[in-house]
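Using the sequences and the accompanying hints, generate a full structural model.
Protein chains: 2
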Amino acid sequence: MQLFFSDHINDNEVILDKVESHHCIHVLRKIKGDIITVIDGKGSFIEAEIVHANAKQVTAQIKSIIKEEITPPHLHIAIAPTKNMERFEWFLEKATELGIAEITPIICRHSERRNLNEERCNKILLSAIKQSGKAMLPKLNNLIQFEKFIKEAKAQNKFIAHCYPSEKSTLNAALNGNDILIAIGPEGDFNLAEVDLAKQNGFKDLSLGKSRLRRETAGLYVCAVLNASAQ
Amino acid sequence: MQLFFSDHINDNEVILDKVESHHCIHVLRKIKGDIITVIDGKGSFIEAEIVHANAKQVTAQIKSIIKEEITPPHLHIAIAPTKNMERFEWFLEKATELGIAEITPIICRHSERRNLNEERCNKILLSAIKQSGKAMLPKLNNLIQFEKFIKEAKAQNKFIAHCYPSEKSTLNAALNGNDILIAIGPEGDFNLAEVDLAKQNGFKDLSLGKSRLRRETAGLYVCAVLNASAQ
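As given, the protein sequences belong to chains A and B, one line each in that order. The working numbering puts the first sequence at residues 40 to 270. The working numbering puts the second sequence at residues 40 to 270.
Accuracy of the hints is not assured; some may be wrong.
Note: identical chains are not told apart, hence a pair may lie in one copy or across any two.
[What the hints assert, rightly or not] Subject to a maximum C-alpha distance of 27 Å in a straight line, what follows is the list of computed BS3-like cross-link-like pairs (lysine-lysine): (1) Lys162 to Lys122; (2) Lys81 to Lys249; (3) Lys238 to Lys81; (4) Lys106 to Lys207; (5) Lys71 to Lys102; (6) Lys249 to Lys71; (7) Lys162 to Lys249; (8) Lys249 to Lys169; (9) Lys169 to Lys69; (10) Lys71 to Lys207; (11) Lys190 to Lys106; (12) Lys102 to Lys249; (13) Lys162 to Lys95; (14) Lys193 to Lys178; (15) Lys193 to Lys81; (16) Lys162 to Lys57; (17) Lys178 to Lys249; (18) Lys249 to Lys207; (19) Lys249 to Lys106; (20) Lys207 to Lys187; (21) Lys238 to Lys207.
These are calculated hints, taken from the structure and not from any lab test.
Shown next, in the form of structure tokens:
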């Protein structure tokens, strides 16, 4: 099913922006009277009938609204973006397919990447929900320093995944909760001071198993296991 | 830890091929007397001392051999390669990181890709085990027609993942067994005749959950959930 996105929605009608309108009229050849499905990124599938088939601005009249069934728990991953941007963008796409709710890019002591094109990242998230038939857009927070993030982080169940020896929760055990936040460090891991700071702020130690995983694989791994446990 | 690969190993010594030798001598500046760790792709980490530091052919004397601890179950995924080769290569890398044992690329009725560069695929698998510190190279079988594969497939627990309505096993239930084979179709799914043929040959219906996943994500999803269940 072809989905369009719009953030211009009122009680009666939906307006598509220039890019979506062009795709709707020029690429998909939709005309006045056609029914399209629009997502708002907030969990609604909106069936609407095109009333103005303008290639620069499509207007459609709302016929019905269906709310997406969201299966808890809420998963929030804080992760240090990889040096290779392609790998981080790949994580964004896959995590979205697997139903992640919130992503916070963090800057750690060992981070190789300290900047991020958030607009490009949001485009990837948007195309991923459209491709995977979802109506809820994951929340991408701004890039933030690890220390600041850890001190402000609010979640019922907070975990920090690292490779230092300690008594660690397994991923399956960690994902039993509801409101879950998991912090994943950069290549080269968090440093010990960062792990200590997290634990002082209520984070528990988490093991992602025996396999040595790339950062983006670790993030995807968490999303996949949570998705499966919620089925 | 830097790993080298060799398939020229006898009781006493290891010989590195031209590519590995160049990397060892010219890139990593190893010299006679240095200890290197070599993997054989069959589950052994071999500690060896360089006796001939030749940039075209390094010879090293075996000091000790450590067998990799393999956690069952044995996972074999039969999957239709994606049209976009990058996505399939990405699957190969991630599945290897997560410990897949065997991969069979299959050609289905709806397949968009009917050829595969197996040499390139094997290079990706090899670099993935070296990067993730593994000694066991996943077995990549030759590209094969779906019908032929299904009729010859031998595994204790065989599943076919598809989107047609039926009584399906969940992934977590499917992964309880030991010797597991999961068939994943192309974009556009298997056709009904293919699903029927698989079931006639002992495959059970499998659901990969409610999310609409790209093919390569579906394959990775299976690897991740099995990896977590084996921890």
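Cross-check of the supplied hints:
In the homo-oligomer, the alpha carbons of Lys162 and Lys122 lie at most 27 Å apart both inside one protomer (20 Å) and across protomers (23 Å), since each shortest distance falls under that limit. Taking the shortest alpha-carbon separations for Lys81 and Lys249, only the inter-copy value of 19 Å comes in at or below 27 Å, while the best intra-copy value is 37 Å. Taking the closest pair of Cα atoms, Lys238 and Lys81 never come within 27 Å of each other, the shortest separation being 33 Å inside a single copy and 40 Å across copies. Taking the shortest Cα distances, Lys106 and Lys207 sit within 27 Å of each other only across copies (26 Å), while inside one copy they are farther apart (38 Å).
With identical chains, the CA atoms of Lys71 and Lys102 are at most 27 Å apart within one copy only, with a shortest distance of 14 Å there and 77 Å across copies. In this homomeric assembly, Lys249 and Lys71 never come within 27 Å of each other (Cα to Cα): the closest approach is 57 Å inside a single copy and 33 Å across copies. Proximity of Lys162 and Lys249 under a CA criterion of 27 Å is satisfied inter-copy only: 23 Å between copies versus 34 Å inside one chain copy. Taking the shortest Cα distances, Lys249 and Lys169 sit within 27 Å of each other only across copies (15 Å), while inside one copy they are farther apart (35 Å).
Taking identical chains as interchangeable, the C-alpha atoms of Lys169 and Lys69 lie at most 27 Å apart only when both belong to the same chain, with a minimum of 18 Å there against 51 Å between chains. Within a single copy, Lys71 and Lys207 get their C-alpha atoms no closer than 59 Å, and across copies no closer than 42 Å, so neither meets the 27 Å cut-off. Proximity of Lys190 to Lys106 under the C-alpha cut-off of 27 Å is found in neither arrangement, the shortest distances being 34 Å within a copy and 43 Å between copies. When the C-alpha separation of Lys102 and Lys249 is checked against a cutoff of 27 Å, the pair qualifies only between copies, where the shortest distance is 26 Å, while the shortest distance within a copy is 52 Å.
Within a single copy, Lys162 and Lys95 get their C-alpha atoms as close as 19 Å, which meets the 27 Å cut-off; across copies the closest is 47 Å, which misses it. When the C-alpha separation of Lys193 and Lys178 is checked against a cutoff of 27 Å, the pair qualifies only within one copy, where the shortest distance is 15 Å, while the shortest distance between copies is 44 Å. When the C-alpha separation of Lys193 and Lys81 is checked against a cutoff of 27 Å, the pair qualifies only within one copy, where the shortest distance is 21 Å, while the shortest distance between copies is 46 Å. Within a single copy, Lys162 and Lys57 get their C-alpha atoms as close as 15 Å, which meets the 27 Å cut-off; across copies the closest is 44 Å, which misses it.
Proximity of Lys178 and Lys249 under a CA criterion of 27 Å is satisfied inter-copy only: 21 Å between copies versus 30 Å inside one chain copy. In this assembly of identical chains, the alpha carbons of Lys249 and Lys207 lie at most 27 Å apart only when taken from the same copy (12 Å versus 30 Å across copies). For the homomeric pair Lys249 and Lys106, the shortest alpha-carbon distance between copies (15 Å) is at most 27 Å, but the shortest distance inside one copy (40 Å) is not. For a Cα distance limit of 27 Å, the shortest separation of Lys207 from Lys187 inside one copy, 24 Å, qualifies, whereas the shortest one across copies, 46 Å, does not.
In this assembly of identical chains, Lys238 and Lys207 lie within 27 Å of each other by CA distance solely inside one copy; the values are 12 Å within and 42 Å between copies.
Of the hints listed earlier, those the structure fails to meet are numbers 3, 6, 10 and 11, in rising order.
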